[in-house]
Amino acid sequence: MKFFLDENLDQTLPKHLESIFTSKKREQPHEFIGVKNIDAKGVADVALFPLAAQARVNVFVTGDINQMKRPLERRACRDAGLHWLGVHLETKARGYHVLAGPAAALIHGLPFVLDRLEQSTQPQLFLLRKLERNFTQAFKLTEDL
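Residue numbering for the sequence shown is 1 to 145, as defined by UniProt numbering.
Below, a list of computed lysine to any residue pairs in the SDA-like style, where the Cα atoms sit at most 20 angstroms apart:
(1) Lys69 / Glu7
(2) Lys2 / Gln54
(3) Lys69 / Ala47
(4) Lys36 / Gln11
None of these hints come from the bench; they were simulated from the model.
Put together the whole structure using the sequences plus the hints.
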């Protein structure tokens, strides 16, 4: 399965995801690419879907979760034969959190998406749940030693 990560996602994510979801033991390992791989920086979404399909992409991954509410974009994605995967972005995130939020959501959710994709016969839409991103969700306990 080949995944394209839209430019609104950190473009270091493809190599991180590939290190997790690609095994040399698999007959067909998963591949993750970004905008530079298909020379698509700044390309409008409606034109981007067929460009991704030409690059043999199966799944279009984006942080623009409203994309599928726009009829032209939804139709262009479907017509290109692409599955669509939306990831919530933290608009106020800074530093490591810019990468950690989407990465955590994808690492957690992608195995479930892959299970569903194995059974799908037509393009599917997936919107990953927003992960709680605060220290009370990350720690069970924190105290002085």
